[in-house]
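A.B. asks: Spelled out from the first residue to the last, the chains are:
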Amino acid sequence: MSDEKIHILQKALQRERIARKEAEKILEQKSLELYEKTEELESINENLAKVIDEQTIEFKGVLDNIEDSYILMDLHGNVLKMNQPANEFFGYDIKKEKFNVTDIIYEEDYKYAYESFYQLIETGSFRDYQARVYTKSREVKWVQINSSIVHDKDGIPRFAHGIVRDINEAKEQQEAFEIQKQQLDAIVDSSSLGIVLTKRGEVIRSNKAFQQLIEYSEEELIGMTVADVSLKDDEEISYLYLNKLVTGEVDQFSLSKRYIAKSGNIIWAKTSVAAVRNAEGEIKYEVAIIEDITEVKARQEAFEAQKQQLDAIVDNSTVGIVLTVQGRVLRTNPAFQKMIGYTEEELSKMTVVDVALESDKQETLANVNQLIEGKIDDFTMNKKFMTKYGRVIWGRTHVAAVRDDSGAIKYEVSIIEDITEELKQGALLEALNNLMASILGKTNIYEIAWEITKNTIGLLGFEDCVIYLLDKEKQELNQIAAYGEKISSDDEIINQIAVPIGKGIVGTVAKTGISEIIPDTSKDTRYIVDDKVRYSEISVPIIDNNEIIGVIDSEHTSKNFFTEDHLKTLQTISSLAATQLKNALSLRLREKAEREKELVLKDLQKSNQELNDFAHVVSHDLKSPLRSMNALVNWLQEDCKDFATDEIDQNFHLLLKRIDRMDLLINGILNYASIDKVEMMEKKIDLNVVVNDILETIHIPENFTVDVKKKLPIVKGDSYKLLQLFQNFISNAIKYTDKEKGMVEIDYVSKGNFWEFKISDNGIGISEKYYKKIFKVFQVLEESDDSTGVGLSIVKKIIDFYGGDIWLTSELNKGTTFYFTLPKK
Amino acid sequence: MIFVFMYNRLIMRKLKILLIEDDEIERMKFARVASKLGNHSIVEATNGERALEVLEQIELPNLIILDLNMPKINGVEFLKLLKSNKKLRYMPIVVMSSSNNYTDIKKCYEIGVSGYMIKPLHYDDYKKKITSMIGYWSDNEIIAV
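So the protein lines, in turn, are chains Z and A.
Letter by letter, the first sequence follows residues 953 to 1777 of my numbering.
Letter by letter, the second sequence follows residues 18 to 162 of my numbering.
Be careful, since some hints might not be right.
Stated by the list, open to error - Residues from chain A that face chain Z, not an exhaustive set, calculated with beta carbons under 10 Å:
hint, residue
1, Met45
2, Gln74
3, Glu76
4, Asn117
5, Tyr133
Simulated from the structure, these hints should not be mistaken for lab results.
Quick caveat: nothing in here was measured; it's all calculated off a predicted structure.
All C-beta atoms, glycine included, are put in the ideal place defined by N, C-alpha and C.
The following block holds chain Z by itself, in its conformation from the complex (with noise of 0.2 Å):
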């Protein structure tokens, strides 16, 4: 120890020496003044300790009530009283054994205890400590303290006692509040969507999302208002809500109004605000959520726009477009509207089912059902449909499903495009291609005009129509054809008229060979009614190498129906028919002429056959008698030949001279009747053989010569024929002969394809008035007993019917030649 370290302790002894002499002396003269104060006190103490313990018993008793731990120390920390909950909070029995608060102190929370102590001896007390404790079994646990000083009545502070509350469960309640608070402050504070806290209208707190949507930050925030960065044009609405809220009408409400960033920017934004309200019910805070919509408003504006856009397209769009649910139409465009007849209104009524026809029943169903499971997407089909007054339509349909998110069907599209005139037109052509097809190898009119009428004219969408043909030699039209109102069941045409050139508008058009359209008939005084009155006509010539054959006319019951289009089809039908049924007519004429020469053919033969059957009768019936009379004046002579005279002789002979006759003239007839009526065998004839077979059979007189010139040619004809050609200018040769040498030539020579044949004896000769006469039946120059007239008037009819020529030179008295000609083949 240092000479200074004592010389100061030394001196702070001296101190204490004269303290405590000071103090002594203090002391006496206080024990003085207690004493007298103890006397003054034993006597108000007596009172007091009467109140004291009353009040001791009645503070003891709110002790022991309290559920709190109650705790007395005296000033050092020494725990003097402990009430029940305490003994049991900290698990010390003050009665068994002795603690000090500070014992029980939490390591960390020392410095904030012995601050809090120091408060309670400096102020004479201290609330709401709050830290942590052991208890006796070295638990933590959290406390809240109230404690205050004890003074004794002289005012000198004695004990401390206190209130010690378990707040263990309040604290633990608190941190798990603070950890939510801080999630909660990480989710606002990270959270997307802007969020602001105001008490009427000023903001308390707001989120960065809000601070950088609308660009302030959270300072500059604080004191502003909800006004203040909103767009002055939705303040109405906003305090419309805010009214509401504020009523206490609704909790919460929501809107998309703009805001106005610092930059000056508009931002729509939806927002949420939420009323915070107190027990009362009166309103602490509003909470606003807000979402930035700018981009979804901006998007919305664009699909409304394109909404807008495809709606005129829809709704102008030539081709019909209807929305349907399951099969139920729920809108259409107008195109679809015009296209079907039905109104929207009647169409909103009405499934797809209603309009479609039963033929593509199956079809649809089979491509719907398809879509329904998913397999397509959409289909296209040529369906057909039934409009409002009943006309079938064609539309080349294209539906598409729009599915949801889960795949199901929401709304079928379909696209309708109306091709019934291209399919008409397209069927048109089809059947214009095939009536040329089906028309070409047909020769009947008939067939021709009906082929039109049938497959094509219904094609074109008249309700009539009727092909006239030209019958020239009458100068009329005649129907013969026609399609619709005109036809009966069994395809004949009902009420055939003819129409006289000229006449009406088919005539008048037969005359021109000029199409016609009439607009309206009853304005055309030309019109002539034939089974109803229509009130528009299209007529169109049959015109083939300039030649009118006929006409195409149809008519309908509406006026201006027909048009240059329709024109154009009648003409090229017209054309196409031209043709043909110009061949078919001719093939009729020339049937027709045929069919005359038949009929004269027949009647030719008819007559013939009752020639034949008159010869036959004359031959026999005539021809009999004849013989019997020859056979009676054969026995008469023989009867009267022993008394017979001469002149009975004579009359005798001149009787049978004249029977020859007759039997002579019954033979020319049949001859000439004959001649081109026997049964013809057309072959090659040799006229060698011919003319041998006459010069076998007549009697050719010995002074006669009959020479053939040259070998003759063979031909194609029947040997009877021919033998009776030859056999007859013989036969004349010799009959007419006057000469004592009598002679006959035959020869020949090739003209082209004829022979030519010459005939010449030395004869009597036939004047020349009589060239024409000798060839006349019965024309006999002179009266002979063995000539009929007949023999030259076979020869021309025989010559005729070969087609061959017969002229002759003659001299009287010196002879004929005859020439004729036949042909070689």
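Please arrange chain A on chain Z, whose structure you already have, making use of the hints.
C.D. replies: Just chain A now, kept in the frame of chain Z:
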């Protein structure tokens, strides 16, 4: 004479002739000519119908002389009937007609006749024709079924 007779017996058969002819004079002519040609027996029928009756009654003739133009059943019809009859179809038939009509002649031959003779105008010619015809047929072998 005996020679002639012998000759006749030897080479000329006695014919049984059926003459079908509607004309009386014709029948007389035939009978007159035939009677001079030996002992031929002649049965006459004035038409086809009668002829059929006759054919049923008498022994079958050796030769039938047939006229074509007859009332009732005419010659052609009669021919057809005869040819369709099994018993009579082999009977020789000679047609005698005034018709030299080609069709008539052809038809007769088609049905089947043994001859077609045109009645000549002159009686002398007739005599010659009949004589040669009867002579011809009396020389022929004829069968009857």
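A.B. asks: Could you run down the list of hints and mark each one as holding or not?
C.D. replies: Evaluated hints:
no.	hint	verdict
1	Met45	holds, 8 Å
2	Gln74	violated, 28 Å
3	Glu76	violated, 30 Å
4	Asn117	holds, 7 Å
5	Tyr133	violated, 14 Å
Checked against the numbered hints given earlier, the structure breaks hints 2, 3 and 5 and satisfies all the rest.
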